Amino acid sequence: HRDLHSFPTRRSSDLKNLKWKVKLDLPGFNSPIVWGEFLFVSGANKQNMKVYCYNALTGKLRWEKPIDNIPGSPAAKPKVTDDTGLAAPGMATNGTHVFAIFATGDLVCFDFNGNQLWAKNLGVPKNHYGHSSSLICWENLVLVQYDHSASRNLFAFKAENGNMAWQANRSGLISWSSPIIVHDQNPPQILLNNDPNLAAYDLSNGKELWKLECLSGEIGASPAYFGGMAIATNAYSKMTAVHISSPSQMVWEAYDYLPDASSPVAWNNMVFTASSAGEVACFNLMNGKELWLHEFDYGFYASPIVADGKVYLLDRMGTMHIVKANSVFELIAQPAINEKTDCTPAFANGYIYIKSKENLFCFSKL
Numbered sequence: 001h002r003d004l005h006s007f008p009t010r011r012s013s014d015l016k017n018l019k020w021k022v023k024l025d026l027p028g029f030n031s032p033i034v035w036g037e038f039l040f041v042s043g044a045n046k047q048n049m050k051v052y053c054y055n056a057l058t059g060k061l062r063w064e065k066p067i068d069n070i071p072g073s074p075a076a077k078p079k080v081t082d083d084t085g086l087a088a089p090g091m092a093t094n095g096t097h098v099f100a101i102f103a104t105g106d107l108v109c110f111d112f113n114g115n116q117l118w119a120k121n122l123g124v125p126k127n128h129y130g131h132s133s134s135l136i137c138w139e140n141l142v143l144v145q146y147d148h149s150a151s152r153n154l155f156a157f158k159a160e161n162g163n164m165a166w167q168a169n170r171s172g173l174i175s176w177s178s179p180i181i182v183h184d185q186n187p188p189q190i191l192l193n194n195d196p197n198l199a200a201y202d203l204s205n206g207k208e209l210w211k212l213e214c215l216s217g218e219i220g221a222s223p224a225y226f227g228g229m230a231i232a233t234n235a236y237s238k239m240t241a242v243h244i245s246s247p248s249q250m251v252w253e254a255y256d257y258l259p260d261a262s263s264p265v266a267w268n269n270m271v272f273t274a275s276s277a278g279e280v281a282c283f284n285l286m287n288g289k290e291l292w293l294h295e296f297d298y299g300f301y302a303s304p305i306v307a308d309g310k311v312y313l314l315d316r317m318g319t320m321h322i323v324k325a326n327s328v329f330e331l332i333a334q335p336a337i338n339e340k341t342d343c344t345p346a347f348a349n350g351y352i353y354i355k356s357k358e359n360l361f362c363f364s365k366l
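Quick note: the sequence shown uses our numbering, first residue 1, plus one each step.
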């Protein structure tokens, strides 16, 4: 969810509201992240791994840095599937440090000038698709969900030097999901999905606060949260809602129109999901009742984003479907870049940043 205003809502297949566009020289399914005038992405193939920093306002490349010579890094890249690759996890930043992780298990930290501050290998994850859990920052920590077939862990490393602050050994099975942070609880919590658990941990020490068995299968969708309610879901399984003040009991369950790659988003007592089959659904957050369903021509890997009372849904063929964030379906516009897209867009500076398989776009407000 982003409380932002004035994003593009008319057709843009002619790219009239395109502010800038840059060609990407390495593939990577990670989404762009933005801090002020700095935009970061990562990319990798069997020969090279890199982190890139662009000027978010102009698209000019500020710097690019290779990721190599990290102690413990494997001599040969692990086998990954084409739709995951070696650079699927999203990067993270706390405003002074920026972090990236790759399917090799290499975790690296730079400052905003491109100086490498530290790097370490966490061990090559035993993962039959490739590692895809995105990083997330909390105060002076970078947190890594590292659930693979050999072990399941949540790591917290100190931003300034990479030293481990704490480690939580987790139960359950492998996961491709990413963690989210719930700020309005005391203490603040980090929520993680894997098979079969939705679990919460204390950010200060890694203590498990609660855990609920509610998932099954290969978990790709991250949890969602709004107003005390947490949502966990997976295709071919179910969607479960729990109030985190009493997490031992499910509030409701739903079984249809569930995502496998994209994550749900919760806002204003509604939950929105987008499936790889092209189904977009809206549910009542309080009771799980289906409020509306719309079937689009192409599926979704990118997660829906709520901004300015609208839901932005980027399908795999490069069309952004914009609908009202309401209990009744209303399509506003369908701008398109006409390039294949699997990455969740970023919203910042009054702009929307979209990463296709080959290019990075910035669209200005109208």
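Where hints are given, some of them may not hold.
Below, a list of computed lysine-lysine pairs in the DSS-like style, where the Cα atoms sit at most 25 Å apart [to be verified]:
1) Lys-16 <-> Lys-60
2) Lys-77 <-> Lys-120
3) Lys-340 <-> Lys-46
4) Lys-238 <-> Lys-289
5) Lys-120 <-> Lys-50
6) Lys-340 <-> Lys-79
7) Lys-238 <-> Lys-60
8) Lys-357 <-> Lys-16
9) Lys-340 <-> Lys-21
10) Lys-211 <-> Lys-65
11) Lys-50 <-> Lys-60
12) Lys-60 <-> Lys-23
13) Lys-340 <-> Lys-310
14) Lys-238 <-> Lys-19
15) Lys-65 <-> Lys-79
16) Lys-16 <-> Lys-324
Calculated from the structure, these hints are not laboratory results.
Small disclaimer: the values here were computed from a predicted structure and weren't measured.
Quick rundown of the hints versus the structure:
no.	hint	result
1	Lys-16 <-> Lys-60	holds (20 Å)
2	Lys-77 <-> Lys-120	holds (16 Å)
3	Lys-340 <-> Lys-46	holds (22 Å)
4	Lys-238 <-> Lys-289	holds (14 Å)
5	Lys-120 <-> Lys-50	holds (15 Å)
6	Lys-340 <-> Lys-79	holds (23 Å)
7	Lys-238 <-> Lys-60	violated (44 Å)
8	Lys-357 <-> Lys-16	holds (21 Å)
9	Lys-340 <-> Lys-21	holds (15 Å)
10	Lys-211 <-> Lys-65	violated (39 Å)
11	Lys-50 <-> Lys-60	holds (17 Å)
12	Lys-60 <-> Lys-23	holds (11 Å)
13	Lys-340 <-> Lys-310	holds (23 Å)
14	Lys-238 <-> Lys-19	violated (40 Å)
15	Lys-65 <-> Lys-79	holds (23 Å)
16	Lys-16 <-> Lys-324	holds (23 Å)
Hint compliance for this structure: hints 7, 10, 14 are not met, and every other hint is.
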